[in-house]
Each structure stands twice: as C-alpha cells, then as structure tokens.
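Heads up: the protein sequence lines correspond to chains A and B, in order. First residue of the first sequence? That's 1 in the numbering used here, and the numbers climb one at a time after it. First residue of the second sequence? That's 1 in the numbering used here, and the numbers climb one at a time after it.
A couple of the hints might just be wrong.
[Stated by the list, open to error] Pairs of lysine to aspartate or glutamate, DMTMM-like flavour, derived with a Cα cap of 20 Å: (1) B:Lys56 to B:Glu41; (2) A:Lys54 to A:Glu82; (3) B:Lys258 to A:Glu71; (4) A:Lys7 to A:Glu73; (5) B:Lys258 to A:Glu73; (6) B:Lys194 to B:Glu66.
No wet-lab data here; the hints were simulated from the structure. Remember, it's a predicted structure, so these values are computed and weren't measured experimentally.
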Amino acid sequence: MSKRRQKVLILYLANSALDSGVRGWTMYDGAGQEAHTTGDGDVAPYETGLDALKDGWRVIQFPQLIPPYPEMEFTTSFQPHEFIFEKLEDVDG
Amino acid sequence: MVSKEYLLNSEQMASFVARGFLRFDETVPQAINERVMAQMEAGTIKSQPAGTPLSKCYPPPSAIREFLDLPQIQGIIHSLVGPDPLFDHHAVHIRQPNQDRAQGLHGDSTIDVRTHFDIQLMYFPHDVPLEMGGTLLVPGSHFRRINESDIARYQNFLGQIPMVCKAGSVLALHHGIWHCGRQNQTNRTRYMYKIRLNPAVRQLRLWNTDDLADAGFQHQTIFGGSDRERDDIQSILSKREPWFEAGSGRLEIINRIKLWRFLTGDNKFDAHYWLTRLENTPENLAAGSY
Chain A
1 MSKRRQKVLI LYLANSALDS GVRGWTMYDG AGQEAHTTGD GDVAPYETGL DALKDGWRVI
61 QFPQLIPPYP EMEFTTSFQP HEFIFEKLED VDG
Chain B
1 MVSKEYLLNS EQMASFVARG FLRFDETVPQ AINERVMAQM EAGTIKSQPA GTPLSKCYPP
61 PSAIREFLDL PQIQGIIHSL VGPDPLFDHH AVHIRQPNQD RAQGLHGDST IDVRTHFDIQ
121 LMYFPHDVPL EMGGTLLVPG SHFRRINESD IARYQNFLGQ IPMVCKAGSV LALHHGIWHC
181 GRQNQTNRTR YMYKIRLNPA VRQLRLWNTD DLADAGFQHQ TIFGGSDRER DDIQSILSKR
241 EPWFEAGSGR LEIINRIKLW RFLTGDNKFD AHYWLTRLEN TPENLAAGSY
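Full structure from sequences and hints, please.
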C-alpha cells in the first residue's frame with residue numbers, strides 16, 4: 001500500500017514575478033528519496049519559478065509585497081521573493 | 001609598525017567592502033602549518049579573555065603567534081582593523097569525517113548594525129578539497145541584517161563560494177558575512193582556526209592609500225558601456241553578486257558606498273550616482289521666483 005509524502009522546493013527569485021530568474025534554492029524531501037543540505041549545489045534546479053511549475057511543482061506560497069518600514073528603506077535583510085512549491089510523491093509503506 | 005608593502009591596496013579594500021571577504025591562498029609557510037596542526041590535534045591552543053590586546057595573546061612558544069606575526073597577516077589585520085586590535089575570541093573548528101549534512105548558513109554573533117566592523121580570520125592549515133567541504137561563504141551578504149541562524153533555511157545561492165584551498169590559505173571576513181561549514185565527505189578530520197578581532201582605532205585609511213589619488217573620484221557615465229568593466233573603485237563597488245535580487249542588489253551598492261565613505265573620510269564619494277541622486281534636495285530658489 002502506498003502513501004503520499006510531500007516534497008518542498010523553495011526558490012528565491014530576482015523579483016516578485018514568478019517567471020523571474022532563480023537566485024537561490026532549497027529542497028526538502030519528505031519521501032526520503034533525496035538528501036539536501038547547505039552548499040550541495042552550484043547550479044539552480046530551474047532557471048525561473050515558472051520552469052518549476054512546468055515541471056509539475058505546485059506553488060503553495062507567494063511572497064507578499066510589503067512596503068519598507070519607515071527608516072528601513074535602505075536596509076537589506078532576508079530574501080524578499082521567496083516562493084514555496086510542493087510535489088506529492090507516492091512511497092511504499 | 002607594518003611595512004607598507006604588506007598593507008592592502010585600495011582595490012583590495014574596495015573588494016572587501018563590496019564582497020565582505022578577501023582570500024589569500026598559500027600564504028602561511030608549511031612549517032607553521034604543521035606546528036599549528038600539531039597544536040590543534042593536541043588541543044593546546046589557549047584562548048585569552050575577550051578584549052585583550054592581540055599583542056598580549058599567544059605568548060611564545062606558540063604556532064598561532066608565528067602565524068599572526070607573519071608580515072602578510074600583520075598587513076591584512078592593520079589594513080582592516082588597525083594596529084593592535086582587540087582579541088574577541090577564537091575557535092578551532094573541527095568537522096568530523098563522513099558527515100551526511102552541512103552546518104546551516106548563519107552569521108556569527110548577533111544582529112550587528114555598526115558601520116565599524118570586526119574581522120574574522122579563517123586559517124586553513126591543511127589542504128581542503130571540495131569533497132572535504134571547506135567553509136561556504138555567500139559573497140556580498142555582510143550588510144544583510146539577520147540574526148545568527150535565522151537564515152539556515154537557505155541552502156544554495158548562485159555564486160556561493162566553497163573554500164577549496166591549499167594548506168596555508170587564509171580568509172579575512174567582515175563580521176556580517178553569511179557562512180557555514182560544508183559537509184566533510186572524506187574519511188579525514190577537517191580543521192580550521194578562526195579568530196575574531198575588534199578594531200581599537202577609528203577605521204580610517206588604515207591601508208596603503210598611495211593608489212587612492214590615482215583612482216581620483218569623479219562621477220562616471222551611467223550606462224557607460226565598456227567603462228563598466230573597468231577595475232576601478234567605482235566598478236568594484238558596483239559589481240553585483242549573482243545571487244542578488246534586482247531591487248535589493250541596488251541597495252547593496254548603496255551600502256557599499258556608505259562604507260567606502262566611512263573608510264576613506266570622503267563624504268562626496270559615489271559610484272554611478274546612486275547616493276548623489278538621493279542627496280540632491282535643493283533649497284535655493286530659482287532666479288526670478290518669488
């Protein structure tokens with residue numbers, strides 16, 4: 001009997017458009033088929049966020065567009081354009 | 001006093017301001033590497049109370065003192081944090097063999113909004129091939145206001161740098177740079193010595209500034225075609241890292257200009273007009289207005 005497990009892909013894009021270029025990425029595999037960790041790749045899995053959609057990933061979170069807080073207009077911090085995707089994989093068990 | 005020939009030049013300093021690190025390959029002689037390795041393996045490198053002047057740390061006989069006294073290392077330290085900085089802390093980082101995962105990406109200490117900066121020297125006393133990991137660093141991340149491992153979710157960025165190097169190589173990092181220990185997939189233990197230093201003087205023109213006049217600040221043509229490939233200070237400060245987002249990447253250039261102004265004392269310096277444009281708020285009345 002098979003069960004479904006979630007794989008998560010996070011893409012950090014160049015701007016707020018889903019079809020903009022990938023700048024950073026993270027993957028977690030709840031199916032246990034792959035192991036990912038910090039610094040394990042130099043080549044992005046997709047060129048754009050849209051390419052991930054075309055490969056079967058479903059977007060489950062778009063980043064909100066939040067105006068800068070007063071006095072923080074020039075402050076840089078976390079990646080602002082973080083898109084989260086999922087795939088469901090069948091696993092034995 | 002450090003001989004001028006060992007001080008950094010202005011282009012190296014600009015690169016540090018832009019990217020948050022400088023790399024010096026095979027700088028430490030093998031004899032010192034071997035003595036440091038022996039002390040690391042024996043666990044005999046003794047620390048000092050935080051805030052101790054560096055000159056009072058590591059009394060001889062000490063392989064770390066030999067490393068720190070190398071004129072090249074003295075030149076790096078003096079250029080970035082000045083004479084006799086304060087010892088903050090050190091750590092011997094050990095990555096055990098055959099690891100299945102890396103350390104999470106992080107910035108050291110806590111969120112730190114100073115323009116003044118500490119440096120961290122990372123000294124690699126043995127060869128570090130890619131499969132052994134090496135420290136991973138994200139160039140240009142040093143201005144990002146984050147707190148320690150809040151960024152551990154980020155696994156990979158375009159342009160990230162795994163420190164793959166020969167024995168005796170040294171990294172000089174701005175305190176804010178994002179980094180982590182990559183996984184060691186060999187059957188050997190990996191060692192790295194890190195020391196954090198705080199400036200004890202105002203960080204103002206501490207490097208060899210003989211070439212600064214040559215760089216001579218004047219505004220450059222925006223969208224100047226091949227001019228943008230020039231290796232001058234403005235171009236070094238304007239070069240984006242591959243992982244920069246479009247908008248935040250521009251803000252990073254502004255952050256760099258502000259730090260360069262701080263280090264040179266030249267409050268008119270600019271790169272490609274980014275700050276001058278924002279500072280243009282004329283109050284004088286036009287002729288004939290009433």
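Problem - Violations among the numbered hints, reported as their numbers in ascending order - result: 1 and 4
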